[in-house]
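Chains A and B, in that order, give the protein sequences. Take the first sequence: its position 8, counting from 1, is numbered 8 in the working numbering, and each next residue is one higher. Take the second sequence: its position 349, counting from 1, is numbered 349 in the working numbering, and each next residue is one higher.
Bear in mind the hints are in silico, worked out from the structure with no lab data behind them. All C-beta atoms, glycine included, are put in the ideal place defined by N, C-alpha and C. Don't take each hint at face value.
Said to hold, decoys possible - Stretch-level coverage of chain B by chain A, calculated; a stretch enters the list once three of its residues show a Cβ under 8 Å from a Cβ in chain A:
#, region
1, 35-49
2, 156-168
3, 210-219
4, 233-240
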Amino acid sequence: MSTFFQTLIVGLRLGSIYALIALGYTMVYGIIRLINFAHGDFIMVGGYTVIFTIPLVLRLGAPAWVSVLAAVVVCALVGMSTELIAYRPVRKKGTNMTALITAIAMSLFLENLAQAIPVIGPNPKVSTQIFRAGGIRFGTVTMEYTTIFTLIISAVIMLVLYTFTQKTRLGRAMRCVSEDKAAATLMGINVNHTILLTFGIGSALAAVAALMYLAQYPKVYTTMGGLLGLKAFVSAVLGGIGIIPGAMLGGIVIGLVESFTTSYISSSMADTFVFLILIIVLVIKPAGILGKNVGEKV
Amino acid sequence: MKKRNLIFLVLAFIFVFTLSGTGVWAADDAIVIGVISPNTGALAAYGIGISTGADLAVEEINAAGGILGRQVELIHTDDQSDPTECLNAFNSLVAKGVQLIVGSATSGCTSAITDAANEEEVCILSPTATADSLTTEDDYIFRACYADSFQGAIAAAYAKQAGFERVGVVYCAADVYSKGLFDSFSKACAAYGIEVAAEQSTASLDVQDYTNQFNAMVNAGVDFVYAPYYYDVVGPYVVPQARAAGYLGIIMGADGYDTTPDYVVAGADLTAFNDVYWTNHYDPSDTSEIVSSFVKAYEEKYGSIPSAFGATGYDCVYMYKAAIEAAGAVDAEAVRDALADTSAVYECVTGTFSLDESGTPMKGAAIISFSSDGQSVSAKLVDVVSQLP
Chain A
1 MSTFFQTLIV GLRLGSIYAL IALGYTMVYG IIRLINFAHG DFIMVGGYTV
51 IFTIPLVLRL GAPAWVSVLA AVVVCALVGM STELIAYRPV RKKGTNMTAL
101 ITAIAMSLFL ENLAQAIPVI GPNPKVSTQI FRAGGIRFGT VTMEYTTIFT
151 LIISAVIMLV LYTFTQKTRL GRAMRCVSED KAAATLMGIN VNHTILLTFG
201 IGSALAAVAA LMYLAQYPKV YTTMGGLLGL KAFVSAVLGG IGIIPGAMLG
251 GIVIGLVESF TTSYISSSMA DTFVFLILII VLVIKPAGIL GKNVGEKV
Chain B
1 MKKRNLIFLV LAFIFVFTLS GTGVWAADDA IVIGVISPNT GALAAYGIGI
51 STGADLAVEE INAAGGILGR QVELIHTDDQ SDPTECLNAF NSLVAKGVQL
101 IVGSATSGCT SAITDAANEE EVCILSPTAT ADSLTTEDDY IFRACYADSF
151 QGAIAAAYAK QAGFERVGVV YCAADVYSKG LFDSFSKACA AYGIEVAAEQ
201 STASLDVQDY TNQFNAMVNA GVDFVYAPYY YDVVGPYVVP QARAAGYLGI
251 IMGADGYDTT PDYVVAGADL TAFNDVYWTN HYDPSDTSEI VSSFVKAYEE
301 KYGSIPSAFG ATGYDCVYMY KAAIEAAGAV DAEAVRDALA DTSAVYECVT
351 GTFSLDESGT PMKGAAIISF SSDGQSVSAK LVDVVSQLP
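Only chain A is shown next, with the shape it has when bound in the complex:
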């Protein structure tokens, strides 16, 4: 029984991270129908920012997690610059496919750029302890506070994002842009500003995800966004890409599948099962778990 709980907790721990990252993917996809493959690398940017600002923050006497504020600013700037420099010009000239390829190129560009910066360099960096260790004990197993925080933060962000897109003027503008750019322009919505803002918010989410990731898995390296981003992307697709609660659900499902495969089936097949589950779900329900099968929508 303790194995079951331990596995469940590890699954939630991984899942909470995937969920938080998947929210960023799904947000951008939901608004401009672009799978932003560079999102995983925004996590890397956020991770390095956190690591570099922690010593400064500690010197000021603030707790280590305050460094996330710097990461939010840096990530939002990087995300918006990516949109301005790469995605917007390509979108003007090309199709959805060219935008997708640009996203992949952007991801590789960021990874290699980071390596070329001397203070980052190629070596992995290990962060300092971010939250106090400890947690709630269930018998022999411990659920860390960090995991609980991550789940709560994911849920809060999910609710805020959902309310934001449904209720506010800006959110409505985003949904308009997502449905029909030309009509949105006619309605007086500045499409380019709206998309830029979407990137700003999506990338700021990456900074929060980076902090929570580091709190549980305290290592950053320039290519960390690769597999992490891929799994979060799979989570978003599994839950129904473009649907905000779906990202959170998908993330937790992927984390649990990974953990339970490790414990009960084969520890070296965790990734195999993650992607197998994805294929099965997509065969049965192509729009994802929470997705609606509407022809035009996706």
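The hints should help you fit chain B onto chain A, whose structure is shown.
Then chain B, alone, in the frame of chain A:
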């Protein structure tokens, strides 16, 4: 006027590139040795160790008059600990006419270039690639380190000596190094009558969570776990998560644990690193003349204690020197024949040894343990094992 300037500029560029391409800038008759190491990427600490060690050896050799009266020159290449990049680096060295190569650090990378090296008839002398399958008889592949069949067995021998009858293993099924050590460890356990009571693996070296694997160790009731991984996951993930999962017994690793103390989480409870043991190529606190003078020279030049990778990188250059002097020539075939001579004795920082028929040194291993007061992690020598019991 403008056009003529442009043509002049283009010509100047072509001139410069042709010069640098054909190596005209190199000293006329220098002996060129190529180095392939992971200078960037996840295992960059290894590459930095190997290239600095090799640089130091070359500096010393050149200051003492070179090899056969010729100066030595190194060409450094980077494989980013990626087998494909390793092959690219190898091809670029061969294209430059390099016949003698030091590299690469990991078994995974080195296995990508062994076939090509035999085909191109270029010597490979790996400082730290320990997988058994790499070196065979009648080939161009040699190394300056022991093989995994020895390294894994040393760990099993240590478990037996410490009185453990049931042990567990956590390893990466997809990595040549980790899997190779797992194989030799379990084979040696069978020979020593130790039961491997729990086996867990991970799908890749990128995995972040080892909690379930160590939970299985706790459930199996073992107090000795062999976990052959590299420092970049051992420091931040494997050891702290093992302790958090309630596993308090001995964790034993291999030479991949070198430099772990630089990759631990500051501010976390580092007492997790007590009872962690690993096997290594040498011990920097050894007081013998050759080790202490190497450590002193390295510290003076780079300001840090050399890792085992620095030591083996240094040794590789000196092994080439000995082989070239024995052969009296610098072409790959003559050097290969000299290295294949099993009676030649190499006096190196990582021990005095000869190579066996396959090209692997017959030498001992140092067993090192980590200890921590909670603030930092330090390493200390436990034992030096030169022969398997």
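Results for each hint:
no.	hint	verdict
1	35-49	holds (count 6)
2	156-168	violated (count 0)
3	210-219	holds (count 6)
4	233-240	holds (count 4)
Going through the hint list in order, the structure does not satisfy hint 2, though it satisfies all others.
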